[in-house]
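Student: The residues making up each chain are set out below.
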Amino acid sequence: MLTESEPHYRQPLRKTPFHERARALSQLDSFIPWSGYTTVDVFTSVEQEYFAIRNAASLYDLTPMVKYRVAGPDALRFLNRLMTRDMRKLTPGKVAYTVWCNDEGHLIDDGTVFCLAPHEYRVCTAEWQLDWFRASAIGFDVELREITEEVAALAVQGPTSCRLLRLAGVAGIERLKPFEHGGFELAADPAAARAAVPIMVSRTGFTGDLGYELWMQPQDAEAVWDALMEVGRTRAVRPIGSRALNIARIEAGFILPKADFVSAEHTLYLGTERSPLELGLAWLVDFHKGHFTGRRALLEEQRRGPRRLLVGLDVEGTKPAHNALLYTERSGRREAGSVTSATWSPTCKRNLALALVDASCSATGSEVWADIYLNRELVWERRMVRARVVERPFFAPTRRRATPPADY
Amino acid sequence: MGSKQHDAIVVGAGHNGLVAACYLARAGLKVLVLERNAYVGGAAVSRSLYEGFTYSNCSYVCSLLRTEIIRGLELPRHGLQIIPYEGGCTMMRTGEHLAIYDNHDAMRRELARHSRHDAEAYDRYVRDMLRHCRFIKPLLLREPPDPTSFKPRDIRELLFLGRHFGKLGEARMYDTLRFFTMSCADMLDEYFESEIVKAHLAGSSIIGTALGPRSPGSAYVLLHHYMGSIDGAVGAWGFARGGMGAVTQALAASLTASGGTIRASAPVAQILVRHGRATGVVLDSGEEISAPVVVSNLDVRRTFLETVAPEHLPGEFLEQVRRFKIRGSSGKLNIALDGLPQFPAIPQGSPSTRGDMHITDTLEMVERAYDDWKEGRWSRAPYVDMLIPTQIDPTMTPDGKHYMSVFVQYCPYQLAEGEWTPARRQAFGDTVIDAIARHSPNFKDLILHAEIRTPRDIENEVGLTEGNIFQGELTFDQLLFNRPIPGYAQYRAPLKGMYMCGSSTHPGGGVMGAPGANAANAILRDLGRLQ
Ligand SMILES: Cc1cc2nc3c(=O)[nH]c(=O)nc-3n(C[C@H](O)[C@H](O)[C@H](O)COP(=O)(O)OP(=O)(O)OC[C@H]3O[C@@H](n4cnc5c(N)ncnc54)[C@H](O)[C@@H]3O)c2cc1C
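Line by line, the protein sequences are chains A and B. Residue 25 in the working numbering is what sits at position 25 of the first sequence, and the numbering runs on without skipping anything. Residue 705 in the working numbering is what sits at position 297 of the second sequence, and the numbering runs on without skipping anything.
It should be emphasised that the hints constitute simulated quantities derived from the structure, not laboratory data. One thing to keep in mind: the hints can contain errors.
Think about it this way: if two alpha-carbon atoms lie no more than 27 angstroms apart in a straight line, the pair counts; the simulated DSSO-like pairs of lysine-lysine are [said to hold, decoys possible]:
hint : chain 1 : residue 1 : chain 2 : residue 2
1    : A       : K89       : A       : K15
2    : A       : K258      : A       : K15
3    : A       : K94       : A       : K289
4    : B       : K809      : B       : K852
5    : A       : K258      : B       : K575
6    : A       : K258      : B       : K852
What follows is a list of derived Cβ distance ranges for each label pair [unchecked claim]:
hint : chain 1 : residue 1 : chain 2 : residue 2 : range
7    : A       : K258      : B       : R571      : 28 to 36 angstroms
8    : A       : G332      : B       : R671      : 39 to 47 angstroms
9    : B       : P484      : A       : G332      : 37 to 45 angstroms
10   : B       : D639      : A       : L378      : 26 to 34 angstroms
11   : B       : D639      : A       : N55       : 28 to 36 angstroms
12   : A       : G290      : B       : R479      : 37 to 45 angstroms
13   : B       : D885      : A       : L378      : 53 to 61 angstroms
14   : B       : E601      : A       : R388      : 29 to 37 angstroms
15   : B       : K782      : A       : G139      : 36 to 44 angstroms
16   : B       : L938      : A       : Y373      : 55 to 63 angstroms
17   : B       : G570      : A       : E329      : 34 to 42 angstroms
18   : B       : R571      : A       : Y373      : 49 to 57 angstroms
19   : B       : Q750      : A       : P92       : 36 to 44 angstroms
20   : A       : K258      : B       : Q750      : 37 to 45 angstroms
All figures in this text were calculated on a predicted structure; none of them were measured in a lab. The beta-carbon is built from N, C-alpha and C at its ideal position, and this holds for glycine as well.
Using the sequences plus the hints, can you model the full thing?
Tutor: Set out below in structure tokens:
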């Protein structure tokens with residue numbers, strides 16, 4: 001049995017290893033629950049935090065991301081049957097973004113798989129998966145263990161993130177390519193009475209920008225945070241909350257469970273499940289690798305063609321089309337789908353949305369109409385606003401791929 | 409009282425009788441409710457048996473009562489208020505416990521203390537329960553179709569059922585069908601690995617039921633208890649402020665407000681029949697009261713074997729009534745306490761005593777408790793569902809005193825060793841009190857008064873045959889269009905003008921009100937007052 005330091009009926013939410021630091025810098029006391037932890041929604045201002053991601057570098061505590069250790073002689077066979085991508089291509093030092101489905105080809109979750117060693121993987125997921133993974137592991141010699149609280153995680157994202165890590169003494173970080181990970185060291189700092197700190201770094205992220213994710217032991221979390229904040233003090237580095245990150249992830253075109261899809265493990269109503277093909281993730285589905293869970297249903301869906309598709313929309317005007325219903329014509333006679341995520345993009349200066357639309361209006365350039373409600377000093381107005389299907393990602397700077405990254 | 413004064417007589421002022429009467433009165437009928445006891449409520453009643461204390465003498469949890477009925481009959485305006493539980497727990501013989509918390513994150517962490525896997529499986533379990541409920545709930549307030557009939561309404565209802573099932577999708581339909589016949593233990597094994605989690609959840613599958621957790625069909629009973637909701641929170645349980653009598657008091661007030669009449673201490677001896685038609689009733693006192701519609705709130709056995717002369721009924725029908733499974737398996741203790749008992753297993757400040765508390769920590773233990781019942785004994789280590797509502801409800805006891813409701817499973821109607829006697833009843837009560845005292849050192853010292861009720865007492869006082877709390881077992885052979893009797897699932901007796909509205913009818917027992925509401929609907933349709 002686990003032991004808890006405080007009774008959970010008084011404090012249902014846990015604190016991450018960065019919590020004390022975050023609380024000290026939080027000006028608004030704006031915390032939200034995330035997978036059983038309390039985390040920052042906004043530190044100071046969503047706009048300022050957002051621009052830290054696109055202009056300089058940002059720190060985001062992603063410890064609540066659910067993490068599993070998958071190890072053993074059958075680890076690869078297990079993962080390859082579970083995941084839609086070909087896991088055999090994932091060699092030590094590499095990371096893959098992938099999804100997994102049930103037998104009906106409906107999406108359970110998306111996440112990243114880290115290959116740590118030939119028989120050892122780490123899977124990071126948005127939602128808890130032990131129940132599903134265990135059921136999927138029947139017949140495989142594989143060890144599954146949730147390690148969420150054993151690993152603290154910090155995303156360092158933004159155009160100066162490589163520079164920031166170098167300044168903090170993470171030697172060799174500039175050679176790390178996208179979707180690679182490796183063991184590094186945060187250099188010792190005698191001035192701060194700090195010994196060298198071992199960290200694992202992956203060049204991954206949820207912002208579509210240059211960026212890294214740092215994985216460390218919980219007891220090292222504060223030292224890492226302090227070191228990065230210290231060297232970033234004069235370089236516009238900021239801790240950010242979930243709100244700012246959400247703008248960046250929509251610009252990058254990434255999907256979020258509970259926003260853009262509901263895991264088939266949680267749906268109550270029939271027909272609310274989503275397939276990876278519908279979500280525009282066909283590129284993650286490898287029909288040639290052999291059998292995997294959901295393959296037959298997905299093949300059939302591919303043959304028929306998905307009935308609806310997740311697309312990017314460029315909406316006229318500046319009012320984000322949150323939760324808007326979409327129509328094929330301005331008259332609003334025939335529904336075309338609905339918006340799942342929306343934001344004004346401060347970088348693209350466009351009004352962006354992710355939307356699930358009928359296959360018939362999913363081609364790039366198609367036009368749909370968004371039913372938007374405007375609140376003018378408590379007087380509500382309804383507007384039919386033109387929206388155009390555009391390519392995703394909405395924002396994809398070349399710097400996100402450059403190796404070595406620009407050194408500023 | 410002269411004749412022709414009443415359009416309908418309802419026999420029995422249980423909550424279903426009152427619900428039916430309310431709907432009939434609201435439709436403009438002159439309704440008379442006749443109740444045997446000096447008080448209304450049947451098994452939904454609050455009485456004071458010890459100075460200053462109010463007990464929920466029979467039922468004690470309010471969650472199944474349909475929101476449509478609460479709203480439609482304006483029960484809040486007539487004083488009904490339902491307050492949700494704050495938690496729950498099972499105390500273990502090891503001194504450990506499993507707590508149930510309202511807060512999802514706290515609940516997850518609590519389950520993870522026992523099994524990390526089960527913490528996740530719990531979400532899947534809840535999801536599946538909700539999926540099954542989504543299927544069954546729309547059927548509750550509908551009259552079940554007769555699958556052998558070709559009447560347009562029956563065909564319409566069958567089509568509704570078919571379409572409804574169709575919407576589930578094939579895989580989920582199989583799941584739901586499997587659920588009706590499965591044992592609770594098998595069902596829980598599909599989700600959980602931790603014994604304590606299974607033992608806790610299994611409780612709902614045996615309450616009021618002459619089944620054990622390993623008996624086929626027990627999974628459905630669990631679902632039946634899940635069907636309730638409070639303010640949209642499906643599966644939530646709550647207390648009626650002032651005890652369960654608050655439900656029937658509000659119903660009685662609502663009935664009176666719409667012009668209905670209730671006569672207490674008016675036991676009905678016979679339902680009068682002339683030319684195959686119910687024409688009224690005769691009371692024990694000999695008084696005759698006539699009405700063109702007679703509705704029985706009594707269970708189907710009592711209704712047809714005791715209040716209708718057999719010559720008026722089809723023989724085969726009577727045979728099926730005789731075979732209707734209505735076995736008593738539950739007892740109840742209502743205890744006045746001088747203070748709040750201590751439960752050392754529960755940490756200070758935890759809300760888990762402000763809800764249902766249990767002391768059977770393995771499925772095996774629950775199954776053994778059932779074995780005792782089969783052998784004609786009360787369970788030596790009984791399953792109890794105990795609550796101290798006065799931690800939340802300030803109206804039932806004096807300050808600082810508490811009322812504890814203890815529902816006990818299993819207790820037989822007929823003892824193997826002989827008839828129930830006051831001494832045996834006391835011995836049964838002592839068994840339960842001793843079992844609780846093992847988890848609460850000061851419990852016995854706090855007892856000021858205890859009402860001990862065996863199935864025999866429940867039968868005598870409430871009129872529930874054999875003390876079966878649901879007016880008949882909730883097994884698939886007695887559900888939907890099989891409840892109470894195949895061919896008679898539509899609230900109509902085999903006599904013109906006579907109807908049934910008790911828990912013996914679809915969708916079954918519990919303080920739900922649906923049988924009463926559906927029966928009123930059937931009557932009004934027959935009278936041409938509905939389409
Ligand atoms: C101990 C116990 C605990 C329970 N716990 C719960 C619980 O916590 N939650 C829950 O939802 N359900 C619970 N139940 C079940 C629920 O209380 C019953 O299913 C429900 O109250 C039955 O209501 P009814 O109106 O169908 O019938 P009844 O309540 O049985 O009503 C029948 C009425 O008819 C009267 N009557 C009988 N014979 C005559 C006659 N000859 N003439 C006139 N009147 C007559 C009776 O006195 C009674 O008032 C419990 C039941 C019991 C016994």
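Student: All hints are to be evaluated individually against the structure, with a verdict given for each.
Tutor: Against the structure, the hints come out as follows:
no. : hint                                  : result
1   : A/K89 <-> A/K15                       : violated (36 angstroms)
2   : A/K258 <-> A/K15                      : holds (22 angstroms)
3   : A/K94 <-> A/K289                      : holds (19 angstroms)
4   : B/K809 <-> B/K852                     : holds (14 angstroms)
5   : A/K258 <-> B/K575                     : holds (23 angstroms)
6   : A/K258 <-> B/K852                     : violated (51 angstroms)
7   : A/K258 <-> B/R571: 28 to 36 angstroms : holds (30 angstroms)
8   : A/G332 <-> B/R671: 39 to 47 angstroms : violated (59 angstroms)
9   : B/P484 <-> A/G332: 37 to 45 angstroms : holds (39 angstroms)
10  : B/D639 <-> A/L378: 26 to 34 angstroms : holds (27 angstroms)
11  : B/D639 <-> A/N55: 28 to 36 angstroms  : violated (47 angstroms)
12  : A/G290 <-> B/R479: 37 to 45 angstroms : violated (57 angstroms)
13  : B/D885 <-> A/L378: 53 to 61 angstroms : holds (59 angstroms)
14  : B/E601 <-> A/R388: 29 to 37 angstroms : violated (52 angstroms)
15  : B/K782 <-> A/G139: 36 to 44 angstroms : holds (40 angstroms)
16  : B/L938 <-> A/Y373: 55 to 63 angstroms : violated (40 angstroms)
17  : B/G570 <-> A/E329: 34 to 42 angstroms : holds (36 angstroms)
18  : B/R571 <-> A/Y373: 49 to 57 angstroms : violated (34 angstroms)
19  : B/Q750 <-> A/P92: 36 to 44 angstroms  : violated (57 angstroms)
20  : A/K258 <-> B/Q750: 37 to 45 angstroms : holds (42 angstroms)
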